[in-house]
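Q: What follows is the residue order along each chain.
2 protein chains.
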Amino acid sequence: MEHSPASVPAALPYYVAFSQLLGLTVVAVTGAWLGLYRGGIAWESSLQFNVHPLCMVIGMIFLQGDALLVYRVFRREAKRTTKILHGLLHVFAFIIALVGLVAVFDYHKKKGYADLYSLHSWCGILVFVLYFVQWLVGFSFFLFPGASFSLRSRYRPQHIFFGATIFLFSVGTALLGLKEALLFKLGSKYSTFEPEGVLANVLGLLLVCFGVVVLYILAQADWKRPSQAEEQALSMDFKTLTEGDSPSPQ
Amino acid sequence: MEHSPASVPAALPYYVAFSQLLGLTVVAVTGAWLGLYRGGIAWESSLQFNVHPLCMVIGMIFLQGDALLVYRVFRREAKRTTKILHGLLHVFAFIIALVGLVAVFDYHKKKGYADLYSLHSWCGILVFVLYFVQWLVGFSFFLFPGASFSLRSRYRPQHIFFGATIFLFSVGTALLGLKEALLFKLGSKYSTFEPEGVLANVLGLLLVCFGVVVLYILAQADWKRPSQAEEQALSMDFKTLTEGDSPSPQ
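Residue numbers (the UniProt record's numbering), protein chains in the order written: chain A, 1 to 250; chain B, 1 to 250.
For the record, the hints were derived by calculation from the structure and aren't laboratory data. Keep in mind that this is a model prediction, so the values were computed, not measured. Any given hint could turn out to be false.
Note: identical chains are not told apart, hence a pair may lie in one copy or across any two.
No more than 35 Å apart at the CA atoms, straight line, and that leaves these computed lysine-lysine pairs for DSBU-like [unchecked claim]:
1) Lys83 <-> Lys189
2) Lys79 <-> Lys224
3) Lys189 <-> Lys111
4) Lys110 <-> Lys79
5) Lys185 <-> Lys110
Please build the complete structure, drawing on both the sequences and the hints.
A: This is the structure:
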């Protein structure tokens, strides 16, 4: 289905609203889990650990997911404004996640626990570094004024693919962390359907649902942000330049 | 980049070869882990549990991933042959995964363990049911002769999206299972970098890499199977019918 640049695909707002409802539910259920079964959150006590899951879920799941949706939601604003919002949301996500990482490393240090031995931690460090690299490369291609139009066009599909992949990898890493937190505390009680275990399983499924809905919105070809008049003109200029042809309507 | 129907994109064979190398490595490392640290595999003993991870990795990861790649690899064969191969690979994957599921339920029953309490098991049952439903719906739309061309065209993007999503969800579920198996057995020894823990973490990263490479191959728009002469003709007939226009070269 084709849409004029001014129109918004009919179903898109409902899917975006649903994604936000799911994302906020994920954050709320994470808070409820930590509040009800883990004693809440504080920096200067053994509750410092709990800063980690909350910050990672807000930063690496909810805000990262929302940053990916910016180009589907802001369809008529100037491209540069939308880009800056996309970049800024990722900066907020990154800073919040960094606080979450500092919390867990500091907690481990105070308790004398080993760092970076588990699959969750290996995946976590890897995805966090990839997220940072993706941001830096994205910034230098799309916001820093140096990169040419053709370079941007060639890098764009890679940026989109790796952006979605890093987001999904973040969701997977969160599931691993949740599972680790449950097994460490509940142990064999996990199998007796303890309320904490059931709530955390539900949280895991909600995380998966948020990931799938964000991916679904990104994957719909006709929900993509339409290119605007100034971009079309730029694209035509570029085409003209590279093809050595005079600009004429085809 | 455009390709004529006869040509194969230059980089595609290397990516496919790499995916196969990764997939086989994942199966081999799973086998090595079970052989070296879990006493190997048998049906009639407590080794029955080990049938579960091996079958799930072969079925729900390796074969499912390869079934998704069929349309990128077989580019010149008749569409129907390729479809049948795609459907058959999924049948093999399903049967092998079913053996893996029977193994773990039977093992639990013999040992008196509870079923379906963990996040891994919830995700596993969900993804297995979704896989079965996706196969049934795919079969009735694309192989069963009833569905019209327009119905197939409308369902195709959904089938592709949910196929890729179910595959990625399977990878995530495998990671959860791996983590569960490690924490149940190693407990606090996991943090002392036990060789089994390190090998299993490497296996986890290999699973992620296989998932990413398969997704990357699927996501490249110009690596898609070109539509063949007979499909183009059918598509034109359909276009003609729906637009009420006479078939003429444009």
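Q: So, for every hint listed, does it hold in this structure?
A: Verification of the hints:
{"no.": "1", "hint": "Lys83 <-> Lys189", "in the structure": "neither (48 Å within a copy, 46 Å between copies)"}
{"no.": "2", "hint": "Lys79 <-> Lys224", "in the structure": "both (13 Å within a copy, 29 Å between copies)"}
{"no.": "3", "hint": "Lys189 <-> Lys111", "in the structure": "both (24 Å within a copy, 16 Å between copies)"}
{"no.": "4", "hint": "Lys110 <-> Lys79", "in the structure": "neither (47 Å within a copy, 62 Å between copies)"}
{"no.": "5", "hint": "Lys185 <-> Lys110", "in the structure": "both (19 Å within a copy, 26 Å between copies)"}
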